[in-house]
Structures are given as structure tokens and as C-alpha cells.
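There are 2 protein chains.
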Amino acid sequence: MLSGCSAGLRLLVPRRCVLLSRSVTSGNPGRAAAVDGVLSAFRSICGDDGVSLGETVREQHGKDESVHRCRPPDVVVFPRCVEEVSALAKLCHRHQLPIIPFGTGTGLEGGVGAVKGGVCFSLRNMDQILDLHPEDFDVTVEPDPGADASLCGMAATSASGTNAVRYGTMRENVMNLEVVLADGSVIHTAGRNRRPRKTAAGYNLTNLFVGSEGTLGIITKTTLRLYGVPEEMVSAVCSFSSVQAAVDSTVQILQAGVPIARIEFLDEVMIDACNKFSSLSYPVSPTLFLEFHGSERSLEEQVNTTEDITQSNGGSDFQWARDAETRNRLWKARHDAWYAALAMRPGCKAYATDVCVPLSRLPHIIVETKEDLIESRLTGHIVGHVGDGNFHCLMVMDPSDQDELHRVHLFSQRLARRALAMDGTCTGEHGVGLGKRSLLCEEVGPSVIRVMQSLKDAIDPNNLMNPGKILL
Amino acid sequence: MLSGCSAGLRLLVPRRCVLLSRSVTSGNPGRAAAVDGVLSAFRSICGDDGVSLGETVREQHGKDESVHRCRPPDVVVFPRCVEEVSALAKLCHRHQLPIIPFGTGTGLEGGVGAVKGGVCFSLRNMDQILDLHPEDFDVTVEPDPGADASLCGMAATSASGTNAVRYGTMRENVMNLEVVLADGSVIHTAGRNRRPRKTAAGYNLTNLFVGSEGTLGIITKTTLRLYGVPEEMVSAVCSFSSVQAAVDSTVQILQAGVPIARIEFLDEVMIDACNKFSSLSYPVSPTLFLEFHGSERSLEEQVNTTEDITQSNGGSDFQWARDAETRNRLWKARHDAWYAALAMRPGCKAYATDVCVPLSRLPHIIVETKEDLIESRLTGHIVGHVGDGNFHCLMVMDPSDQDELHRVHLFSQRLARRALAMDGTCTGEHGVGLGKRSLLCEEVGPSVIRVMQSLKDAIDPNNLMNPGKILL
Numbered sequence: 000m001l002s003g004c005s006a007g008l009r010l011l012v013p014r015r016c017v018l019l020s021r022s023v024t025s026g027n028p029g030r031a032a033a034v035d036g037v038l039s040a041f042r043s044i045c046g047d048d049g050v051s052l053g054e055t056v057r058e059q060h061g062k063d064e065s066v067h068r069c070r071p072p073d074v075v076v077f078p079r080c081v082e083e084v085s086a087l088a089k090l091c092h093r094h095q096l097p098i099i100p101f102g103t104g105t106g107l108e109g110g111v112g113a114v115k116g117g118v119c120f121s122l123r124n125m126d127q128i129l130d131l132h133p134e135d136f137d138v139t140v141e142p143d144p145g146a147d148a149s150l151c152g153m154a155a156t157s158a159s160g161t162n163a164v165r166y167g168t169m170r171e172n173v174m175n176l177e178v179v180l181a182d183g184s185v186i187h188t189a190g191r192n193r194r195p196r197k198t199a200a201g202y203n204l205t206n207l208f209v210g211s212e213g214t215l216g217i218i219t220k221t222t223l224r225l226y227g228v229p230e231e232m233v234s235a236v237c238s239f240s241s242v243q244a245a246v247d248s249t250v251q252i253l254q255a256g257v258p259i260a261r262i263e264f265l266d267e268v269m270i271d272a273c274n275k276f277s278s279l280s281y282p283v284s285p286t287l288f289l290e291f292h293g294s295e296r297s298l299e300e301q302v303n304t305t306e307d308i309t310q311s312n313g314g315s316d317f318q319w320a321r322d323a324e325t326r327n328r329l330w331k332a333r334h335d336a337w338y339a340a341l342a343m344r345p346g347c348k349a350y351a352t353d354v355c356v357p358l359s360r361l362p363h364i365i366v367e368t369k370e371d372l373i374e375s376r377l378t379g380h381i382v383g384h385v386g387d388g389n390f391h392c393l394m395v396m397d398p399s400d401q402d403e404l405h406r407v408h409l410f411s412q413r414l415a416r417r418a419l420a421m422d423g424t425c426t427g428e429h430g431v432g433l434g435k436r437s438l439l440c441e442e443v444g445p446s447v448i449r450v451m452q453s454l455k456d457a458i459d460p461n462n463l464m465n466p467g468k469i470l471l
Numbered sequence: 000m001l002s003g004c005s006a007g008l009r010l011l012v013p014r015r016c017v018l019l020s021r022s023v024t025s026g027n028p029g030r031a032a033a034v035d036g037v038l039s040a041f042r043s044i045c046g047d048d049g050v051s052l053g054e055t056v057r058e059q060h061g062k063d064e065s066v067h068r069c070r071p072p073d074v075v076v077f078p079r080c081v082e083e084v085s086a087l088a089k090l091c092h093r094h095q096l097p098i099i100p101f102g103t104g105t106g107l108e109g110g111v112g113a114v115k116g117g118v119c120f121s122l123r124n125m126d127q128i129l130d131l132h133p134e135d136f137d138v139t140v141e142p143d144p145g146a147d148a149s150l151c152g153m154a155a156t157s158a159s160g161t162n163a164v165r166y167g168t169m170r171e172n173v174m175n176l177e178v179v180l181a182d183g184s185v186i187h188t189a190g191r192n193r194r195p196r197k198t199a200a201g202y203n204l205t206n207l208f209v210g211s212e213g214t215l216g217i218i219t220k221t222t223l224r225l226y227g228v229p230e231e232m233v234s235a236v237c238s239f240s241s242v243q244a245a246v247d248s249t250v251q252i253l254q255a256g257v258p259i260a261r262i263e264f265l266d267e268v269m270i271d272a273c274n275k276f277s278s279l280s281y282p283v284s285p286t287l288f289l290e291f292h293g294s295e296r297s298l299e300e301q302v303n304t305t306e307d308i309t310q311s312n313g314g315s316d317f318q319w320a321r322d323a324e325t326r327n328r329l330w331k332a333r334h335d336a337w338y339a340a341l342a343m344r345p346g347c348k349a350y351a352t353d354v355c356v357p358l359s360r361l362p363h364i365i366v367e368t369k370e371d372l373i374e375s376r377l378t379g380h381i382v383g384h385v386g387d388g389n390f391h392c393l394m395v396m397d398p399s400d401q402d403e404l405h406r407v408h409l410f411s412q413r414l415a416r417r418a419l420a421m422d423g424t425c426t427g428e429h430g431v432g433l434g435k436r437s438l439l440c441e442e443v444g445p446s447v448i449r450v451m452q453s454l455k456d457a458i459d460p461n462n463l464m465n466p467g468k469i470l471l
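Line by line, the protein sequences give chains P and H.
Oh and the first sequence: position 143 is 142 in numbering that gives the first Met the number 0, straight run, nothing missing.
Oh and the second sequence: position 198 is 197 in numbering that gives the first Met the number 0, straight run, nothing missing.
Hints in this document: simulated from the structure, not taken from any laboratory.
We put the CB at the ideal spot given by N, CA and C, even for glycine.
The hints are all genuine.
Listed next, with one range per pair, are the computed distances between beta-carbon atoms: (1) P/283 x H/130: 35 to 41 Å; (2) H/227 x P/404: 42 to 48 Å; (3) P/280 x H/325: 52 to 58 Å; (4) P/323 x H/471: 51 to 57 Å.
With a Cα cut of at most 30 Å, we get these calculated DSSO-like pairs of lysine-lysine: (5) H/369 x H/275; (6) P/89 x H/455; (7) P/455 x H/455; (8) P/331 x P/348; (9) P/115 x P/455; (10) H/115 x H/455; (11) H/89 x P/455; (12) H/348 x H/62; (13) H/348 x H/275.
One side of the interface only, derived from the structure: several residues of chain H facing chain P at Cβ under 8 Å: (14) 159; (15) 186; (16) 189; (17) 207.
Using the sequences provided together with the hints, build the complete structure.
Printed below as a string of C-alpha cells:
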């Protein structure tokens, strides 16, 4: 990957002036000069290959997977270790340049846009698994040791996913973080090398940085809880005649105490898109994807209880995915839901809402949301981690159709407010980023916003860390 | 309870001057005058019965269950609702009087001592269960709706207990907090009435206040996760010939993925004390108290796996506690360990250490600790939530024996540093309070302490909230 950056960099010498002058025209000549003056120092820290002014590279790093418009940084740096991150941050601090941490760019609320320009810290070269302690059920990793989203990016957005109903979100699974603060100092939120399963030692900085979306510091290591691979795993798919029946089943399965590992809802629009995108052939009706983890006997019991419940709600017989290959195919289809939705209207863009409500409110909010989609003449695919009360509506729209964009915006605001009215949140896992700053104010109220702002001011007094995100 | 306070108050008018003059001699005439000047306003808020200057009342509120010496507040107030807490806090803020929140005084690190005098807010009159949502698995309560420790006090110290290995600590189970800040303003950390099971909405204030030990605000409501009552519960006791065998069994049970609900270790000194205090007759050797939750079939499987493991480590046959009464007796004995230890040397005081290490380090640290006890000529009872790597050494000592006190202090410091050297923490659940402020510095390092101090300064700029705790 670095050789690509390097090639980009070599091409860039003549282009740089154009780009910087564009920054100048955007109204901040001081910052442009500061960036210009600091480039050689950046290169001395992370090498020529580790600094890129290439337009393509900058644009890749100025956007995530959302519809928020690209806001490229002035420069992208590719540090290889925490010492380089710290040295680069010290330079940015000295020159008062904004710092935007970047994992893989898979965010959904515009969290990586360089709204005030500055220096994007791409952490993709920090990809090592550093300390694996299977006997203690923990591991310490650099930001991006594999998979899709980066792990430190997931920590930064308090992310979760299909397994959260059983194993918790990043909030419950991050034990310690190494963080580079805006002034370049390096802290370990729970103390260096600490990894007890419980602690009551001082303020919980770990969970303050989890979900801080890069606005308090750059996460350069995370210590995570591990879980044993279950003796047996089995997945199943169950179709229902109505949303209400599928969601009622979910609530009842949890109320029955079944330690279900995953329980994902897809409405008929979503399952249709997944069938087409992933060559599946499930009935086009409200659907649950389920997964059970445990010993053979415990699995049998979990499955029996769950089947009793789904059948009492008129659900279909389970379609099984027992072997690893079939299971993986099923979950890949679920994880590709975003791309499946996009594929339904080629050339379009998608926006994924993200709300979370108390379990018992789920049937009501999903039914209302589907009615709203029809009234708003929008294509929306509903998919969600319903075991947590968390769901998304993936809306596919023509970015050149201003009216449709406007309807999507209004619909999303209504959906978020519907969740707020039901004691819920405007974001269960995607974070606030740029897109939900006003909704956050509505959700927590001005006094909590003031406390959040005071914490931001305390840790990042010059507002250098990912400015303009979370707080207005 | 209030009539007692009222009686104390009536007796107190002549005594008050003496008490306040004692404050004066302690070097703060300004504060004494401020307290004097604000009393009638306090009474107008929470009634004559809600304000106490009684020496006995003040002394009851100046200490917890630890060996830290009593530091009585200047006055104790008994607000009945959040509005009264807020109004009282506003007065304290205006007069720059320290505020010390008080739940039930069952802390173990001196967290309630009024080291700078001030106003103790006893929250015992706030005892309501406000919103119970069994269908959503959550409840909102006032500070002290029952049980032993108060629930908001548990939130304030990031407490946990015997069930944490399966159900998590307060960190994982608090969903929202109502907090009165030092200036009297009232916030809801996740927004008013919010109770989604997941959220990524802004900074995680909830987990900043969990474990803040009253130094950031007064917790007046907490929203907690609930769990279904298991279909079946069964407890068992298993004896071992060595500490190593008992702790090895614990680690192996967890590694085998048994979803054990409780797994508590008691060394032979502790089980002996419990036998005597609670009229039990277990073998006087290292012991595990176990509890399994689940369906009948799942229980059978959990028990079989666990028995295989304990027997392979030379453990005894299980002694069962199947019916509710026997189980309750067993766990009452465990929870009375503190009093059992104290009863071994009447007239003595106890200190409970509290460390937590990665699971695999447990056998080593417990064995070393027992050797250290012998070398230090101390009576120590080891008991712990070993499934979390967390254990306590309850030391009983003669408070008039300065040499013994000194040996306890040195031993406790060595134990904490031993935990730190093993990647652990100096406190898994008791908190920092007064007693572990220096150890906290060693644990997290000066840069983290600076961040913690900056958060404290941001939220409580006048250092009115429980001053002198957590941070030096």
C-alpha cells in the first residue's frame, strides 16, 4: 500500500501548490502556510512514503461510506507506530493544525471529514496483534489488524454489530486504550499494560475515549476481551408474515432468557435485496437471521425454545445453516446488506439511519417507520440488531435528485425523533459524527451538552482533535 | 429514621457551638461561619428534621466500614428528592461548602470522610423504585431502595460482587444516571428518561460518573439493567487441598466456557471464620462456593463440566445447596465474611484489601500473598470473586497496636504493587477513596492523573464535590 502512496507523492510535487492554494481560497491562508512549513518535518518522522498530498489520497481520506460530502484534509500521514503518531501530533499541536484520525473510512456519519482542513492520520500501517493472552481472555492490538472496520475505529465510535446481543458492544469489551492526545502525549487510559477484568481505579477514561470519535485523541492500541470459540454454532433463518410477528418473537426469545448469539431482523425489502445481491432464495417477507452458540445439548435447548416462540408467532420452519460454509455465506449476506441495498439502484447513494429503543417499543417503531417510508415515497431497507432494540433503515437515493434527498433528510429526522419519543437514542452504534449533532442536543439536552463541551475543552483545549464532530 | 435525626437535632443546639468551634480550631473559621449562616436556608429546603448537627449523626456520617479515622462533616442533610438535593447544592455552591454524598456508609476506602469539612448529603430518604420496565429489562431507582449498600453508592464506586462474573459490574449495568452537579444543576448522563440498551450518542458520561466516588456529582437516580430470574439455581461447595488447586479449577472452569453465575474463593482461614460465625461445618481448607443458573438441562451440563474440572484438580465431592433456604444461608455466610473475620478477634478492626489481576496470575499472587501474611505475622482472610481475578485479604488488627497497624499498611502496599506488577489494578471494586490515591498514581502514571484532574476541574472547578478523594 505504501508504494502506492509513494507513487502518488512523487506525482504530487507540482500538484501540491494547486491543492494548497485551494485551501487558501477556502479561507485559511495561515493553515495552508503552516501545512507547507511542516511537511519536511512530517517526512523526517514517517518517511517520504508516509506523507501524501495526492488529491486522490486526500479525497479517499476526506469521506466515509455516508452521503456526507468529501472534505479532504490538507495532507495525509501514514505513521507506523505510536512514537510516530506522537511526534506528528506534537508538530500539529505546535502549528495548531487539526488532526483527523482515520481507520478504514467505513463510518456512516461523516466522522472523518476534514471540515477545518488539517492533517489526516491514516492508521492503516499499524496492523499488528501485539499481545495475545488466551489464558486471560484478552488481546492488545494496533488500530487495524484485519477484518473490515479497524478495531481502534470501532472503539472510537463505540461500535457493535450482530454479536452484541450476547457479547456486548465495544463499551463492554475494551479494557484499555493507548491514546495520543492533541499535544502528542501518550496515555494508557487504564495505565500501561493493565488488563484486569474489573477495575474501580479512578475515573473510567477508557469508556470516555470509547465513542469519542477522534475528538479527544488518537487511539493507537486497544486491549480487548476475548471469548472462547463455542463448542457448536448453528444458524437459522425464519420468515414471518408480518414485522410485528418477527419483532414480537425477538422480544419473547430474550424474555425467555435464551442466550442467543445473534438475532437480526430484515424486512421484506431488505431480504429481497440480499437474495438478489448474494444469490439466496429466502421468502420475501419479514425475516429473522438467528445464531446459537454453545454445547450440543445447550444448543438443542436454545433452538427448541426459540422454535416454540417463533412458531407461536406464525413463523416458518427454520432453514438451517449448520456447516461453517453455509453459515459464513448467510452472515456474509447479512453484512453485505449495505451493498445489496445500493445494488438495487445502480449509481445511487445510500444513507443508513441508526436508532435504538427499549425492546418493547420495537414493533411499534418499525411498523410506523415502514408506513412513513411509503408516505415519503422512499426506498428503505430495514435491517437491525433487534435483540438490542437497534435497527437501521438503509435508504437508497439518487444524489442528483434534490427532492428525494430532502425527503430522506426529513424522514431520518422523524425516525430519530420517534426513537427519542420512545426513550431511545438517535444512534445505537454509528455515532454522531457530523450528521447527528443537532439530534444529540435534542437527545441529551443543553446541560449535558455543556458538560460534554467542558470535557472536550479540558482534554483538547485548542480544539485540534477532529474538530466539528459530535459537538456543534 | 427521621424522628431520630430530629431528636438529635433538638439536643444539639447547645452542642453546636462546641462542634463548630472545633471546626474553627481545625483552621477554617470562614467555613464554620458559612455553615452557620446557611443552616436556616437548609431547613427551609428539607425541613427541621432534614438537617442535623448532632455529634452522633455527624460521626456516623464521617466514616465508612474501613479503618480510616472518622472525619465528621459540619452538618448532615437528608434531602427527600432531587429538587431538594439541587437546592441544597446550590446553597453549598454559593457558600463554597464541600459536598459529601452518603449512601449507607458501607464503603471500604474512606470515601465519605469529610476531610475538608462541609455538608454531608445523606440520601437514605430517597428510597423509591421509580420506573420498572420488566419487558425492557430495566428499572430506574432512587439511591437506596433496599438491600445493604445503596444502589447509587454502588454506581458511585463502580461496585460489583459475587454475581459479576456472569452479569457484569455496575459499569456494564448502569444505563443512565441522574446527577446533581456541584453548582446544583441536574443532568441525566444519557438524557432524561433514556434507556436504550446500546448508545453511541456522544461522550459516555454515564461511565464517567460510575466510579467517580462522589467527586463529580451526587447520583440521585440510576437506571439499571435487569435479568430474568433463572429457571433453576443451584449452589455447591467444593474443598481443595491447596490454593493452587482451587484457583486452577476456577481458571479452567471459565476457560471451558461454563456460564457460571458465581465462583467465590475462600482460603482456609476465611472458611474457618465463616464456619464459626455462620454455624457451618465445611472442611477447613481452600474452598470454592459455586452457583449455577439456567434451565434444568443446562444446569446439569454446567455442573458436570465443573465437577470434571474440580475433581481433576483433587477437589472434594460437591456439597449441594439446592433449595432456596440452604442457598440463601450459604450466600449470607459468604456476604458476612467481613463480620466473620472481625468476630475472630473481638474488639479489633478490619481492613479489606482489594486487588484484581488477569485470571492466569491468580494462583501465583494468592500463594505469594499467603506467604507474605505469614512473614508479616498478620491474620489475613483471603476471599474473592476469583472468576474476575479479583480478591480481598481481610486483615483483622488491634487498632491500638501501632506495630501491627504499620505491618498491615506495608503488607497492603506490597499486595497492591504485586497486583500492579502482574498487569492488574490496586482496586477491582472498592474504589480509591482516601486510601489508594498514591497507589492510583503508581497504577496509571502521572499523565493519566493529569487527564483525570483536568476532568475533575472541568466538572467541579471549585473542588466542592467530595474533595480529597481519588486524586491527591
